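Trainee: Given the structure of chain V, go ahead and fit chain L onto it with the hints provided.
If you're matching them up, the sequences are chains V and L in order.
Numbering-wise (the working numbering), the first sequence opens with residue 186 and increments by one.
Numbering-wise (the working numbering), the second sequence opens with residue 73 and increments by one.
In short, the hints are calculated from the structure, not lab data.
Watch out, some of these pointers could steer you wrong.
For each label pair, taking beta carbons as the anchor points, the in silico distance ranges come out as [unchecked claim]: (1) K291/L x E441/V: 31 to 39 Å; (2) E441/V x E109/L: 40 to 48 Å; (3) P434/L x R204/V: 38 to 46 Å.
Listed below are several chain V residues computed to face chain L (Cβ distance under 8 Å; list not exhaustive) [to be verified]: (4) N284; (5) I287; (6) M291; (7) Y294; (8) P324; (9) Y326; (10) K338; (11) L342; (12) Y344; (13) Y348; (14) G365; (15) G397; (16) K422; (17) S423; (18) A435; (19) N461.
Per the computed footprint, the stretches of chain L lying under chain V, defined by three or more beta-carbons under 8 Å from a beta-carbon of chain V, are [stated by the list, open to error]: (20) 332-344; (21) 405-419.
For clarity, every value in this text was computed on a predicted model and none was experimentally measured.
Each residue gets a CB set at the ideal place from its N, CA and C atoms; glycine is no exception.
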Amino acid sequence: MSILVDKNTRLVVQGITGREGGFHTPQMIEYGTNVVGGVTPGKGGQWAFGKPVFETVKEAVDATGANTSIIYVPAAFAIDAMYESIDAGIELIVCISENIPILEMMKIYEYIKTSKSRLIGPNCPGLLTPGQAKVGIMPGYIATPGNVGVVSKSGTLTYEVVYALTQAGLGQTTCVGIGGDPVIGTSFVDVLQMFEDDPETEKVVLIGEIGGRAEIEAAEFIKAHMTKPVAAFIAGKSAPKGTRMGHAGAIVEGGEGTAEEKIAALQAAYVRVAENPEQIPDLLR
Amino acid sequence: MNLHEYQSKNRFAEYGIPIPHGKVATTPQEAYEIARELEGPVVVKSQVLVGGRGKAGGIKLASTPAEAEQRANEILGMKIKGLTVQKVLIDPASKIQTEIYLGITNDRAAGKPVFMASSEGGVEIEQIAREKPEAIIRQHIDLFLGLRDYQARNLASGINLPREHWKAFIKIANALFRCFVESDATLAEINPLVITGDNQLLALDGKMILDDNGLYRHKDLAEMRDTSAEPEAETQARAAGISYVKLDGQIGCMVNGAGLAMTTMDMTKLYGGDQVGPANFLDIGGGAQADKVAAALRIILSDPNVKSVLFNIFGGITRGDEVARGILQALNEIKTNVPMVIRLNGTNAEEGRRIIDEAHLPNIISAATLTEAAQKAVEAAKGAI
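Here chain L stands alone, though its shape is the one from the complex:
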């Protein structure tokens, strides 16, 4: 789960990290009021969950409250990489001497969190890694020990931070680490951490990504999820306990198991070529009971791009005949003419296929192998375009 910049920075502030004392506006009038309170030039920053906001024109300076109102008016409602801006953060503008990168993420290969710092702040860490990898200083952290002071000093000296800022920097690094751990974050990033005109360290921009698996013990953070930024179907799927990702193809996929779901997508792409491909990733999990199949089918069919649906269910513990009955029951609830290819494999798969065939539904095609199923779903989708 991604947090907005203002949410991340507010969280940082709870741990004592200095941030600009701005506020969020949802209307140009609010932007005016906030800018007036702040007295002086401000930055109007779009709050959307994508990178590259600046380049897209979503971050603008304003020297007066009236100008802030005007900029907010321009930015609110604009689309950045497909997402509509609904909030702007109005921060006091800061004079910047130096921009630093400071962030923590998980190094999955090492099995440890890794602290990263760079003197090349203000650009994305991936870009620094590509263009100037030697400018990134790393310190792996033992979770039983936490961040040691010497490691924070290694970061400070590695980025040639002037000595006078070390004390403040080490304090910020420790706070960021505590914030990372206590939020079950997978990323906590200050970029840039700046040295201001009056020689103070300040977290100008912030980003946090939280581990969805940790949210059960952070109810306050879980409530911060901005579902307006994601397709409606994904929100519904989450509520139904279905793992769903909307894609831009034409073949709806309903599969049990994440690996098999990805494979099914890959097969539709393999046989669909440039013309048709997967409309979604969807894992209905184990069982494939009628109510879950029905919920998943509603979600898939809510996408108007879907021209055919491919069911690919491996009956393991749940037998193929039970899966077939579940699918038929779901289809009885949801009337649709969209062509559906059903491929069952595993326990009692043949009996399951017989049950499907004997139902004699006009829009149902059964398939024995994954290859055959993918080819038939591709044909059906092409026929409908």
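Only chain V is shown next, with the shape it has when bound in the complex:
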């Protein structure tokens, strides 16, 4: 078992002929992900990496039975790409693209509630279920199948932790990058609930950072609903207040969203919080 993506994933790549999509699609295919096609308006009927290219997501769904989409197009086009996937009935939409205006994300956040779709991201590295499917940009070799679920706001920091787990002999069920924007489709709590429900996941790693209340809500959820042990790391202890640290969402505003308050909330929920991400494998033993 695993969550969100696996052998049954039928993936359509939005922007398959673009720079990012063209770079990452062959790697997803090589990993064994079931890529069923791509979408590039104006290039329908062509082929890319041995997969058919369609004009619209709807056409791709009708022709291939795609149930998952991944978006690699620049921000200005990614907004439309998300709506298109929602309207085509895609179950899981993964938006890798960054720099999407927050007002647009808030509209998508509302709109998607009226559908059956789930959105991961934007501004995220996607998902990786080791040995089954790589939907995104996480390097495949860092992960190995096992029973640790990983959920994170970040990219390379997640790779660090996943790689450390793999080297320590702790494989993963699924690694989920939810993204570093202030408004995202899927929250820590959503993913924690899935890991709690997934019989194969035995332990969970949560990687958060300064800004917002998502980690506090995660701590409250863990305390009230989780039976599985959770280890965590929160980045940004040394960040100054009121300054954005790379991710659009990584900012302490009005004194809220500090690493200290998040660590305290997680510890109060019996989560083991690492001072250094390299300690995570030890905290899971």
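Mentor: Showing chain L alone in chain V's frame:
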């Protein structure tokens, strides 16, 4: 991106919000001229992108043009929280009956913009939230519906605004909301919105913060960025497509990925204690090609406080050996004696380390783990102080 008070208020005025008809001066003489045109007492207001201007002595009343000139002379060039005042806004002084707070920001947990109003205007909203939270009236806005009139009425009644002002207040609230949305703002704030001596609503002070991700579709607003208020290195970094924030420590950090960059800073602080810490946040993004590494290194070394540099690169799609070659090529371009600790992890990391070690550069130290790298960078920085 932050807008100055005068920029924010001019933007508000475009949407029909009443503002004082003042002007900006960059010299005391200009201040004199503006005050003379305005006829009557004026307020001389420093235009810097920080809060607490009044307390710092950056806002002063003047009853004559000569006095305005003198006040402008005092304020121009003064430093407020490290920023030099280069412009003053000369506004006609207003008689104030009541001060109201009116603002819109994004509630990230709710995923919606939230309108806030308070009868306790004139102080920062954070202070009201701390000291008198019940005095803040909130209305979440559905972006597909916009601000409904009943919500504006809820705000007006919530702050006990006298009925005679409701019509004008609702008009201002609607204008502020349109301004917020059409500017891709993350904050649009009138504080205070006052009832003047002659019973009119007037936006006395204004503040806007714009979403950097929305600027691509607001070229006119993007041009308003005041780069004089930020460290030169941050301006250069933006031009190079590098995410950089200057801090006041001694260890320059070069990292790929924002989360890992914050973590690297945290590690230097963890092992550096009170003595040394991070000199910057820097995310070079994916790839770590030689030209980008070189640009980032120039930016880091432009800070004279930097005593050591810590490279922490996770090679994912870009392999460690490629990263190592990129770093060496950059170091070949930029000659420096500053000690550098290089830690590569991920794909081909060992080969990358071997390439670095075999280059035999005297100021380069390699490290295998993040802990080791941070400790070595701390030692090197301490040794150089």
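Trainee: Hint by hint, note whether the structure agrees.
Mentor: Evaluation of the provided hints:
For K291/L and E441/V, the hinted distance range of 31 to 39 Å is satisfied, since their beta carbons lie about 33 Å from each other. Taken as a hint, the range 40 to 48 Å holds for the pair E441/V and E109/L, whose Cβ atoms sit roughly 44 Å apart. For the hinted restraint 38 to 46 Å between P434/L and R204/V, the CB-CB distance of approximately 39 Å keeps it satisfied. Taking 8 Å as the C-beta contact cut-off toward chain L, the hint placing N284/V at the interface holds, the least distance being around 5 Å.
Annotation: interface hint on I287/V holds; nearest CB of chain L at approximately 5 Å, less than 8 Å. Taking 8 Å as the C-beta cut-off, the interface hint given for M291/V holds, the closest approach to chain L being about 5 Å. This hint holds: Y294/V has a C-beta 4 Å from the nearest C-beta of chain L, less than the 8 Å allowed. A least Cβ separation of about 4 Å between P324/V and chain L falls short of the 8 Å threshold, and the interface hint therefore holds.
Below 8 Å, beta-carbon pairs count as interface contacts, and Y326/V has one with chain L at about 7 Å; its hint therefore holds. Evaluation of the K338/V hint against chain L yields a held restraint, the C-beta minimum of about 7 Å falling below 8 Å. For L342/V, the interface hint holds, the least distance from its beta-carbon to any beta-carbon of chain L being 3 Å, beneath 8 Å. The criterion of a C-beta within 8 Å of any C-beta in chain L is met by Y344/V, whose closest approach is roughly 5 Å, and the hint holds.
Interface hint at Y348/V: satisfied, since its Cβ lies 6 Å from the closest Cβ of chain L, which is below the 8 Å cut-off. Restraint check, G365/V versus chain L: the minimum CB separation of about 6 Å is within 8 Å; hint holds. The interface hint given for G397/V is met, as the beta carbon of that residue sits about 5 Å from the closest beta carbon of chain L, less than 8 Å. The criterion of a C-beta within 8 Å of any C-beta in chain L is met by K422/V, whose closest approach is roughly 5 Å, and the hint holds.
The criterion of a C-beta within 8 Å of any C-beta in chain L is met by S423/V, whose closest approach is roughly 4 Å, and the hint holds. Satisfaction of the interface hint for A435/V is found here, the shortest Cβ-Cβ separation to chain L being roughly 6 Å, below the 8 Å cut-off. Interface hint at N461/V: satisfied, since its Cβ lies 6 Å from the closest Cβ of chain L, which is below the 8 Å cut-off. With 10 residues bearing a CB less than 8 Å from a CB of chain V, the region 332-344 of chain L meets the requirement of three and the coverage assertion stands.
Three residues within the 8 Å Cβ limit are the bar, and the region 405-419 of chain L against chain V gives 3, so the coverage statement holds.
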